[in-house]
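Novice: Starting from the given sequences, assemble the full structure and let the hints guide the process.
From first to last, the protein sequence lines stand for chains A and B.
All residue numbers for the first sequence refer to our numbering, where the first residue is 1382 and numbers rise by one.
All residue numbers for the second sequence refer to our numbering, where the first residue is 1382 and numbers rise by one.
Possibly wrong hints are sitting among the right ones.
One copy or any two copies: either way a pair holds, since identical chains are not told apart in the list.
Stated by the list, open to error - Straight-line Cα separation of at most 20 Å, EDC-like style, residue types lysine to aspartate or glutamate; simulated pairs:
{"no.": "1", "residue 1": "K1472", "residue 2": "E1462"}
{"no.": "2", "residue 1": "K1472", "residue 2": "E1411"}
{"no.": "3", "residue 1": "K1402", "residue 2": "D1444"}
{"no.": "4", "residue 1": "K1446", "residue 2": "E1412"}
Think of the hints as simulated: they come from the structure by calculation, not from any bench.
One-letter residues, chain by chain:
Number of protein chains: 2
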Amino acid sequence: MKEKNQVRDVYVAIADPTRRKLLRLLADAEELPLYELTAQFQMGRTAVSKHLAILKEAGLVADRKVGRETRYRLNAAPLQEIKDWVSFYEKFWNEKVAVLKNLLSEE
Amino acid sequence: MKEKNQVRDVYVAIADPTRRKLLRLLADAEELPLYELTAQFQMGRTAVSKHLAILKEAGLVADRKVGRETRYRLNAAPLQEIKDWVSFYEKFWNEKVAVLKNLLSEE
DNA sequence: TTGACAGGACACCAATTGGTGTCATATAAT
DNA sequence: ATTATATGACACCAATTGGTGTCCTGTCAA
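Specialist: Below, the structure written as structure tokens:
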């Protein structure tokens, strides 16, 4: 019973602008079926569905079937990993600002 | 004089684990030549060089030539874009925690 | 001055990505 | 009962990605 349950990289999942837009749409709407999401893009349904599958594998969306439609909703939790990662680098751009301040105050 | 100056997507740049490791190495070491960076990976010099080129196009690293070597250093500033993007979603995972707290306090 | 070392610039390749169209099936509406 | 809708499941395709090896040019050291 090899439940594949493929876990996708969150970094890769958010690298695509279409997928980021999907996340944003779901953030604003709580729950949306595929056909409504598709309406927001120029590409076909199949393509949007695949993007959603990738987001799902990354744990960023969940879906449930309601009648004949599949409704998607946001699950932002995995994004904490991104936040933690990027937080580490904050000190570096702050550092830069500090150096700049010093230079300015010296003149 | 079409200076291409190709600007790469920061999201795409950080999607690769090798490139994230490169950023981390540069964060810890201030400035490193290609051959020292290459030594930290199993892949060849050419591959690492290409990853660095992508990071450079995304503005995440800068390089300078010193004698026969090319030294790379971190520029974390573009990561602010990522931080801003992910910050928007913070409320969603906080929300979830809040809902959970409510459920727990109700029992 | 003769090697050895660092790296840029290619050409090349397999695997992955991001899209397409088509067909089948379940549900909803007339 | 019939038709329209929503979606899953494929097969297919071109472009991109992430790696390789080779060749050439600078630069440093003996």
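Novice: Would you mind marking each hint as holding or not holding in the structure?
Specialist: Now for the hints, and whether the structure bears them out:
1. K1472 / E1462: both (18 Å within a copy, 15 Å between copies)
2. K1472 / E1411: between (35 Å within a copy, 13 Å between copies)
3. K1402 / D1444: within (17 Å within a copy, 33 Å between copies)
4. K1446 / E1412: within (11 Å within a copy, 53 Å between copies)
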